[in-house]
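Peer 1: Chains as they are written, first to last, in my numbering: chain A, -2 to 390; chain B, -2 to 390.
Careful: at least some of the hints might be erroneous.
It does not matter which identical chain is meant; a pair holds if it fits inside one copy or across any two.
Each computed SDA-like pair below joins lysine to any residue, with the alpha-carbon atoms no more than 25 angstroms apart [stated by the list, open to error]: (1) Lys29 - Asp164; (2) Lys29 - Asn2; (3) Lys13 - Asp164; (4) Lys234 - Asp212; (5) Lys306 - Ile61; (6) Lys384 - Asp315; (7) Lys13 - Tyr(-1); (8) Lys48 - Tyr(-1); (9) Lys13 - Leu46.
Simulated from the structure, these hints should not be mistaken for laboratory data.
Because the structure is a prediction, the values reported are computed rather than measured.
There are 2 protein chains.
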Amino acid sequence: MYNFNYYTPTKVVFGKNTEDQCGGLVKEQGCKKVLIHYGSGSVRRSGLLDKVKASLDDAEVDYIELGGAVPNPRLSLVYEGIELAKKEGVDFILAVGGGSVIDSAKAIGYGVANEGDVWDFYDRKRQAAGCLPIGVVLTIAATGSEMSNSSVITKEEGWVKRGYSSDYGRPRFAIMNPELTMTLPDYQTACGCTDILMHTMERYFTNGGNMEITDSIAEGLMRTVIENARILVRDPKNYDARAEVMWAGSLSHNGLTGCGAVVGGDFASHALEHEIGGIYDVAHGAGLAAIWGSWARYVYKDCLPRFEKFAMNVMQVDPEGTADDVALRGIEAMEDFYREIKMPTSIHELGIDPGDDELKLMAHKCSIGCKGSKGSAKVLHEEDMYKIYKAAL
Amino acid sequence: MYNFNYYTPTKVVFGKNTEDQCGGLVKEQGCKKVLIHYGSGSVRRSGLLDKVKASLDDAEVDYIELGGAVPNPRLSLVYEGIELAKKEGVDFILAVGGGSVIDSAKAIGYGVANEGDVWDFYDRKRQAAGCLPIGVVLTIAATGSEMSNSSVITKEEGWVKRGYSSDYGRPRFAIMNPELTMTLPDYQTACGCTDILMHTMERYFTNGGNMEITDSIAEGLMRTVIENARILVRDPKNYDARAEVMWAGSLSHNGLTGCGAVVGGDFASHALEHEIGGIYDVAHGAGLAAIWGSWARYVYKDCLPRFEKFAMNVMQVDPEGTADDVALRGIEAMEDFYREIKMPTSIHELGIDPGDDELKLMAHKCSIGCKGSKGSAKVLHEEDMYKIYKAAL
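Work out the full structure: start from the sequences and follow the hints.
Peer 2: Right under this line is the structure:
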């Protein structure tokens, strides 16, 4: 069992109509001028933006707006946001949307609070010394960015997708109304569930320290997400299922499911997906589902006890046979679940057809992005990454 | 499913030798003069106090000391601490000890940060508007006070024991080194495990909203504590078992195990024990174990689905028979566990012999303390409380 730090200062306000509290929550932070950051405009069409503004008006908090954040959020918009926030004297950023909007808001927050090029942080050249305070009104359960310390940004030049983690970026509050996620397309809901599962799996499949209590939380969380993702396929307006998935999304990536395990987990699946997502702009969750089975089969022998435990306690497969049998049965059950919620289990099913050169390029970029190697279940080098991509085609 | 708030800003620093970080952690809070608060002097004898002081010295943080906090911490020492802290210009309180020391530190913190009599908060006459920042070096896994918003103080005049909860009192950081709990007497270890279980049970046995993910976390936590409490009976120096119990203690009472359930849970067992503890000064965990079976048998029919679920998912009893059979089997299994870790399951086993007048007085005081009624599994009035005490003799 390893030493660990756990720090989740985000105030969660969860449930129906909680978006009406955002003005008061900003005021509680002592802030006076908000940059409302959002995405494609669906928050405008749904009326959510008006509700948020009404709440800010009620609390007598001033605001400006910046829309346009896209999935795999872009550095160019981050630069625009930084400039705008500085010019307008903004002292708080309110992200209204999903992970892309929140990640973009965090990047803007780092850019405002620190001198120099914000990309330096994502490029691992230096560490941020602060971040403008961030609040969230969450509309998609997926990335867990509403409580996490991480943010992922894509630099258009070279389509490089990189993450940066710092406790300064953890949101001050997160408003989570499960009803806001009900209008999501089924595909996005399934992508979100995949991402949530992956955040816990990537802390679970490690070699080294583990804690029983952390394992039991992680296993319970995964079972809950799988069960409720299935419910949402046939009943997307089910409030309780939406709520289970939404809260799981936050717990999955706020640090809780990694306490006592090896520091940093094994985020190889995420790293591998980032290179697909950086080039092809596929939905993040779908990219993760497409790559996971290939990664799992490549590494499971090096992390056999955990894969066996996962198979039995999460996928609840028949425990007969060797540890190998059980582990493989668990991987298959997980892929069956992906298919059930209409997620791809191969790269081709993403609707893309990368050639061998593209796979090699992705493996190369991935290995650079993670300083040459990646993983705890099994340490991966460039050639391993290439083989995993190849087997995932 | 109910709306909920979740707020756990405490920075947890968990593992071996983490007490060496306390100076840096105080400094990070921008504080300059610390009141080190502790209990009977065992932290002095063990050398922990010297390590804490060395860490504060290294960080160039000034400090004074106040020992003497006792189990069921007293209001008179709180007053003394408030006076001392004000006189010395203290801006941070570092609690080195278990729940009693932390609760006492919180009360001192409220007293310094607010005008008037600090007992007013515990007596539910008014709300605190702040608290001096608190840090913790934890030496007993039990109350969860290191991450919770609650504090329980005993007023000597009339031996009234009352709790007060406010987010202002949540510690800024909590240093948790499981090794520091290894020298505890077995009885104290078992009392701690009982208290931890009770904090989760009191959120679990409610009527109304619940969440699957919260239930799965609660059930996993309870199984983990039961399993590791058994290990500690025969192997008190087992680091991993100490660590499981210690982290469970924090998670059990920081709010996590109640998310989505009925607000406030059902803390009737705690309220009933507080009246025993207030008069007889018994160990809190032992008092809880003594009263729980009687409470559970009195209320289980009004909360049958939860008692049945508990019996199967936590106590893992035979699921044959009626729901009543299964529920009762679960209660019996829990009492068997208490006996296994040498906890009492009756009031007499606490070594006290309250007469009928005493039981009536406790029931009366308990019903006043909780404004006439208490409970969600079953709402209890004064006569119910008397019957539970009586059946627990």
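Peer 1: Next, verify each hint and record whether it holds.
Peer 2: Hint check results:
| no. | hint | verdict |
| --- | --- | --- |
| 1 | Lys29 - Asp164 | both (23 angstroms within a copy, 23 angstroms between copies) |
| 2 | Lys29 - Asn2 | between (32 angstroms within a copy, 24 angstroms between copies) |
| 3 | Lys13 - Asp164 | between (28 angstroms within a copy, 23 angstroms between copies) |
| 4 | Lys234 - Asp212 | between (30 angstroms within a copy, 22 angstroms between copies) |
| 5 | Lys306 - Ile61 | neither (50 angstroms within a copy, 50 angstroms between copies) |
| 6 | Lys384 - Asp315 | neither (30 angstroms within a copy, 48 angstroms between copies) |
| 7 | Lys13 - Tyr(-1) | between (39 angstroms within a copy, 9 angstroms between copies) |
| 8 | Lys48 - Tyr(-1) | between (45 angstroms within a copy, 22 angstroms between copies) |
| 9 | Lys13 - Leu46 | within (16 angstroms within a copy, 48 angstroms between copies) |
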